[in-house]
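Number of protein chains: 2
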Amino acid sequence: MVVADGLGGLPMKPGGETELEAAATPNMDALVTDNICGLSTPILPGITPGSGPGHVALFGYDPLDYQIGRGVLEALGSDFLLGPNDVAIRGNFCTVDQEGNVVDRRAGRISTSVCAQLIDKMRRIRLDKVELFLQPGREHRFAVILRSFMGLGGDVEDTDPQATGVPPLRPAPRNAASQRTAEIVEEFIARAAEVLKDEHPANMILLRGFGRRPRIPTMQEIYGLTPVAIAVYPMYRGMARLVGMDVVPKVAHLDQQVERLRENWDRFDFFFLHFKYTDSTGEDGKFDEKVKRIEELDARIPAIMETRPDVLIVTGDHSTPARMHEHSWHPVPVLLAADLCRPDLATKFGERACLTGGLGHMEARYLLPTALAYAGRLQKFGA
Amino acid sequence: MVVADGLGGLPMKPGGETELEAAATPNMDALVTDNICGLSTPILPGITPGSGPGHVALFGYDPLDYQIGRGVLEALGSDFLLGPNDVAIRGNFCTVDQEGNVVDRRAGRISTSVCAQLIDKMRRIRLDKVELFLQPGREHRFAVILRSFMGLGGDVEDTDPQATGVPPLRPAPRNAASQRTAEIVEEFIARAAEVLKDEHPANMILLRGFGRRPRIPTMQEIYGLTPVAIAVYPMYRGMARLVGMDVVPKVAHLDQQVERLRENWDRFDFFFLHFKYTDSTGEDGKFDEKVKRIEELDARIPAIMETRPDVLIVTGDHSTPARMHEHSWHPVPVLLAADLCRPDLATKFGERACLTGGLGHMEARYLLPTALAYAGRLQKFGA
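Protein chains in written order, with numbering that gives the first Met the number 0: chain G, 0 to 382; chain D, 0 to 382.
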C-alpha cells in the first residue's frame with residue numbers, strides 16, 4: 000500500500016486539471032488500464048480528516064471507533080515510543096503579560112531550534128512519582144509525556160483558553176481516574192512557568208489534547224497480517240506502531256524506501272510505504288511542485304512492481320489541493336492492481352477517470368479488506 | 000436546498016428518456032457542467048420512502064433514527080401547530096353496517112367538503128380533562144389531536160382492521176403510559192359514532208398511526224445553522240418545524256417562494272425551498288406535465304443564483320416516475336454547485352448524466368454535511 004499523502008487535488012482554475020491529472024504518470028496509467036481504480040471517502044462524505052483518522056481508515060479500521068488524540072500524535076511525531084500507560088499532551092509555548100494573561104498563544108512562533116533549547120532547560124524539572132518526558136516539535140510545539148505505574152487517567156481539559164487577554168485555564172480532570180493526572184499537570188505547569196519566567200517571548204506554556212494511546216487491536220489480530228511500515232516521517236511510523244506494524248528504521252528518501260521494501264520482501268506480507276511530499280507541497284499551495292512529486296512517485300512504480308506484489312494499492316489518506324493549501328473532504332483517487340481485476344472504463348490515473356473505475360466510490364476503511372480479497376486471504380462468509 | 004419533490008423518474012417506454020432528461024433545463028445543465036452532480040439514495044437501496052423520511056434525510060438526519068408517525072404527518076399537513084405533549088392520530092371516515100362491521104374503509108371516498116362538514120359536527124364533542132382538536136384532510140381523511148398535561152402516551156394500536164366484514168378494533172394500549180390515552184380514545188370513538196350514526200356513507204371512523212411528535216435535535220443544535228423553510232404545502236412546513244426551522248408564512252407559488260428567498264437572504268443561512276408539483280404530476284402519471292414543472296423550476300434558477308449562495312443543491316426527496324403513478328425506490332438526481340467543486344464528466348442534469356457525476360451515489364442524509372463542507376462550515380476531524 001503506497002500512500003501518497005494528500006494525493007487528491009483540484010484544478011487551480013475552472014476548466015483546469017487536478018495535480019494528478021496534470022502529472023505525467025505513464026506507469027500508474029498502465030496499471031489503471033489493466034486493473035481497477037476508484038475514489039475513496041476517507042471518513043464520511045464532507046468530512047475533512049486529519050492525518051490520524053485518514054491513516055487509521057487506510058489500515059482497515061473504522062476511524063470513528065479509534066480516535067487518536069493530539070497529544071499522542073505529537074508524541075508519535077517526535078519518534079517517542081509511547082507506552083500503554085503513558086499520558087501524552089500537546090504543548091505550545093506562549094507569551095503571557097505581567098498579569099498572567101495570554102498575549103500570544105504561539106509565542107511569536109519561535110524557531111524550532113529555540114524550542115529545542117527551551118525544552119532542554121525544562122528537562123531539569125522532576126516530578127514526584129512520575130517520569131516526565133519532553134519532546135521538542137516544530138516551532139512553538141512540543142510534546143509532554145507522563146509515565147507512571149499508578150494508572151493515570153488521560154481525560155483532562157485543555158489549559159489553552161483559545162483566546163488572548165485571559166489567563167491559561169486550569170487543567171480540570173474530566174473523571175475521577177484523571178484527578179491525579181490533573182494535579183501532576185498543575186505542578187508541572189507551575190515548575191515550567193518558573194523555568195521560563197525570564198524568557199521572551201516564550202515565557203509560559205499551554206497544554207491540550209491530553210490522552211493515552213488508544214487500545215487498537217493489531218493488524219495481526221484482525222487481519223492475520225505481518226505488516227511493516229516504511230516511512231520517512233516519524234508520525235507515520237508512530238501510527239503504524241499503534242496498529243501493530245513493525246517499522247523499518249530511519250529512511251531518508253523514496254529510493255531508500257523502495258530499496259527497503261525489496262530487501263524486506265520475504266519478511267513481511269503487508270508493506271505500508273508512506274510518501275509525504277504530495278501533502279506538504281499541497282499545503283504550501285505549490286501545484287507544480289505537487290505535480291512533480293506525483294511524477295517522482297510514478298517513476299518508482301516499476302521498481303515496486305518488480306517485487307511482484309499480489310496486490311498494489313496507490314492512494315492517499317485525504318486530498319490536499321494546492322488551491323486550498325490544506326486538507327480537504329474531496330474523495331481520493333485509488334488504484335488497485337492485482338490478478339482477477341475486472342475490466343473497467345478507466346485508462347488513466349486521475350480524479351475524473353476514477354469516476355468510471357471498477358472500485359466505484361468506497362469508504363477508505365474497506366480498501367484493505369478489498370486488497371486481502373484480491374490476495375486470496377479472505378474466507379467465504381457463510382455457507 | 001431546492002427540493003423538487005419526487006424529482007427522479009423513468010422513461011414511459013423502453014429506450015425513452017426520463018422526465019428530467021426530456022425536460023429542457025439549460026440553467027441546471029450549466030450548473031452541472033461547472034459543478035458536480037450524482038445520485039442520492041433516500042433511505043437505503045430498494046426502499047421507497049414516504050415524504051416524512053425522504054425529507055428527514057435531506058435535512059441531515061438518519062431517517063431510521065427519527066420516524067414520524069402517520070398521525071403526526073396528517074396533523075402537520077393540516078398546518079396544525081403540534082405541541083410536544085400532543086398525541087396525533089390519523090382518522091378515516093368509514094361505513095359500517097347494522098352489525099357494526101366495516102363495509103367500506105374509506106366511506107366511498109367522500110369529498111373533501113363533506114369531510115369538512117362532518118368534522119365541524121364532530122367538533123361539538125368534549126372530552127374529560129383533554130383538549131380535542133379535529134382537522135379535516137383530503138377526502139375521507141382527518142387528524143385527531145389530544146392535548147393534555149397528564150403526559151399521555153402515544154403508543155396505541157390502530158382501530159383500522161385493514162379488512163371489511165369485521166368490526167373496528169379496540170384502541171389497545173401498547174404500554175402503561177398509553178393506558179389512559181386508549182381509554183380517552185375509546186370514549187372519543189363512542190361519541191363520534193353517536194354524532195355520525197345517521198350519516199351515510201360516513202357513519203363511523205377508523206383511527207391509526209397514533210403517536211407524539213418525535214424529539215429531534217434541531218438543525219441549530221446539530222449543524223449550527225439558522226434554517227428557514229419556504230414551502231407552499233403545510234406538511235412540508237410542519238416537517239421543517241420539527242427539525243427547528245423557521246417557516247416563512249403562507250406562500251402560494253414558486254415566484255413568491257423565490258421572492259421570499261431573496262427578501263430573507265440576510266436573516267438565515269439555510270433555505271429549504273420545496274416544490275411540490277414534480278411529485279403530484281408524477282403521482283397523476285402525467286409525464287408531460289412533470290416535464291413542464293421541471294422546466295418551470297429550471298427557469299427560476301437564475302433568480303435563485305442571483306442570491307449568490309455558497310452552495311446550491313437541487314434534488315428530490317425520492318423518485319415519483321409518471322410511469323408508476325407513485326413514489327419509488329430509484330435513486331434521485333442531485334446537483335451541487337459551489338466553489339471548490341472538482342470537475343466531473345457530466346454536462347447535463349439527468350439520471351444518466353448523474354451516473355458520471357463527482358458526487359457519486361450517496362445516501363441522502365450525507366448531502367447536507369457535504370454542502371456544509373463546501374460552505375466552509377465544518378471543522379477538520381482529528382489531527
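Treat the hints as calculated values from the structure; they're not laboratory data. These numbers come from a predicted model, not from an experiment. Just to be clear, a hint being listed does not mean it is correct.
Away from chain G, derived, C-beta distances all over 10 Å, residues of chain D [what the hints assert, rightly or not]:
hint, residue
1, Asp33
2, Gly45
3, Glu193
4, Ala382
Distance ranges between label pairs, derived from CB positions [what the hints assert, rightly or not]:
hint, chain 1, residue 1, chain 2, residue 2, range
5, G, Glu294, D, Pro301, 26 to 36 Å
6, D, Pro216, G, Pro301, 23 to 33 Å
7, G, Gly284, D, Arg266, 31 to 41 Å
8, G, Lys12, D, Lys285, 36 to 46 Å
9, D, Met323, G, Thr306, 36 to 46 Å
10, D, Pro233, G, Val165, 46 to 56 Å
11, D, Leu344, G, Lys285, 33 to 43 Å
12, D, Met323, G, Thr217, 30 to 40 Å
13, D, Leu344, G, Met304, 25 to 35 Å
List time: in silico DSSO-like cross-link candidates among lysine-lysine, alpha-carbon distance up to 27 Å [claimed, not checked]:
hint, chain 1, residue 1, chain 2, residue 2
14, D, Lys12, G, Lys12
15, D, Lys128, G, Lys275
16, D, Lys347, D, Lys291
17, D, Lys379, D, Lys12
18, D, Lys379, G, Lys347
19, D, Lys196, D, Lys275
20, D, Lys12, D, Lys249
21, G, Lys12, D, Lys347
22, G, Lys379, G, Lys12
23, D, Lys128, D, Lys196
24, G, Lys379, G, Lys291
25, D, Lys196, D, Lys12
26, D, Lys275, D, Lys291
27, G, Lys128, G, Lys196
28, D, Lys379, G, Lys285
Ideal Cβ positions, reconstructed from N, Cα and C, are used throughout, including at glycine.
How the hints compare with the structure:
Here Asp33 (chain D) does not stay apart from chain G, with its beta-carbon only about 7 Å from theirs, under the 10 Å limit. The beta carbon of Gly45 (chain D) sits about 18 Å from the closest Cβ of chain G, which is more than 10 Å, so the claim that it is off the interface holds. Once the 10 Å rule is applied to beta carbons, Glu193 (chain D) is consistent with being away from chain G; the minimum gap is 56 Å. Look at Ala382 (chain D): its CB is around 4 Å from the nearest CB on chain G, not clear of 10 Å, so calling it non-interface is violated.
A C-beta distance of roughly 42 Å is found between Glu294 (chain G) and Pro301 (chain D), which places it outside the suggested range of 26 to 36 Å. At about 54 Å, the beta-carbon gap between Pro216 (chain D) and Pro301 (chain G) misses the expected band of 23 to 33 Å. Look at Gly284 (chain G) against Arg266 (chain D): about 36 Å separates their beta carbons, and that is inside 31 to 41 Å. Checked against the given bound of 36 to 46 Å, the beta carbons of Lys12 (chain G) and Lys285 (chain D), roughly 44 Å apart, stay inside it.
One distance hint, 36 to 46 Å for the beta-carbon pair Met323 (chain D) and Thr306 (chain G), is violated here, with the actual separation near 54 Å. One distance hint, 46 to 56 Å for the beta-carbon pair Pro233 (chain D) and Val165 (chain G), holds here, with the actual separation near 49 Å. Between Leu344 (chain D) and Lys285 (chain G) the C-beta distance comes to about 28 Å, which lies outside the given range of 33 to 43 Å. Between Met323 (chain D) and Thr217 (chain G) the beta carbons are some 51 Å apart, a value that contradicts the proposed interval 30 to 40 Å.
Taken as a hint, the range 25 to 35 Å holds for the pair Leu344 (chain D) and Met304 (chain G), whose Cβ atoms sit roughly 29 Å apart. Taken as a hint, the Lys12 (chain D) and Lys12 (chain G) pair is broken in the structure, with Cα atoms around 42 Å apart against an allowance of 27 Å. Distance check on the hinted pair: Lys128 (chain D) and Lys275 (chain G) sit about 71 Å apart at the alpha-carbon level, beyond 27 Å; violated. As the CA atoms of Lys347 (chain D) and Lys291 (chain D) are separated by approximately 17 Å, the hinted pair is consistent with the 27 Å bound.
Distance restraint check for Lys379 (chain D) and Lys12 (chain D): the Cα-Cα separation of roughly 47 Å exceeds the 27 Å cut-off, and the hinted pair is therefore not satisfied. Between Lys379 (chain D) and Lys347 (chain G), the direct Cα distance comes to roughly 30 Å. Violation of the 27 Å bound is thereby established for this hinted pair. Between Lys196 (chain D) and Lys275 (chain D) the CA atoms are separated by roughly 38 Å; this puts the pair beyond 27 Å, and the hint is violated. A hinted pair counts as satisfied when its Cα atoms are at most 27 Å apart, and Lys12 (chain D) with Lys249 (chain D) does not qualify at roughly 39 Å.
Between the alpha carbons of Lys12 (chain G) and Lys347 (chain D) the distance comes to roughly 21 Å, so the proposed pair stays at or under 27 Å and holds. A C-alpha spacing of about 47 Å is found between Lys379 (chain G) and Lys12 (chain G), which places the hinted pair above 27 Å, so the restraint is violated. The straight-line distance between the Cα atoms of Lys128 (chain D) and Lys196 (chain D) is roughly 25 Å, inside the 27 Å bound, and the hint therefore holds. A C-alpha spacing of about 43 Å is found between Lys379 (chain G) and Lys291 (chain G), which places the hinted pair above 27 Å, so the restraint is violated.
Our distance criterion of 27 Å between C-alpha atoms is broken by Lys196 (chain D) and Lys12 (chain D), whose separation comes to about 50 Å. With a CA separation close to 13 Å, the supplied pair Lys275 (chain D) and Lys291 (chain D) stays within the 27 Å bound. Restraint check: the Cα-Cα separation between Lys128 (chain G) and Lys196 (chain G) comes to about 25 Å, which is no more than 27 Å; the hinted pair holds. Annotation: proposed proximity of Lys379 (chain D) to Lys285 (chain G) holds, straight-line Cα distance about 21 Å (limit 27 Å).
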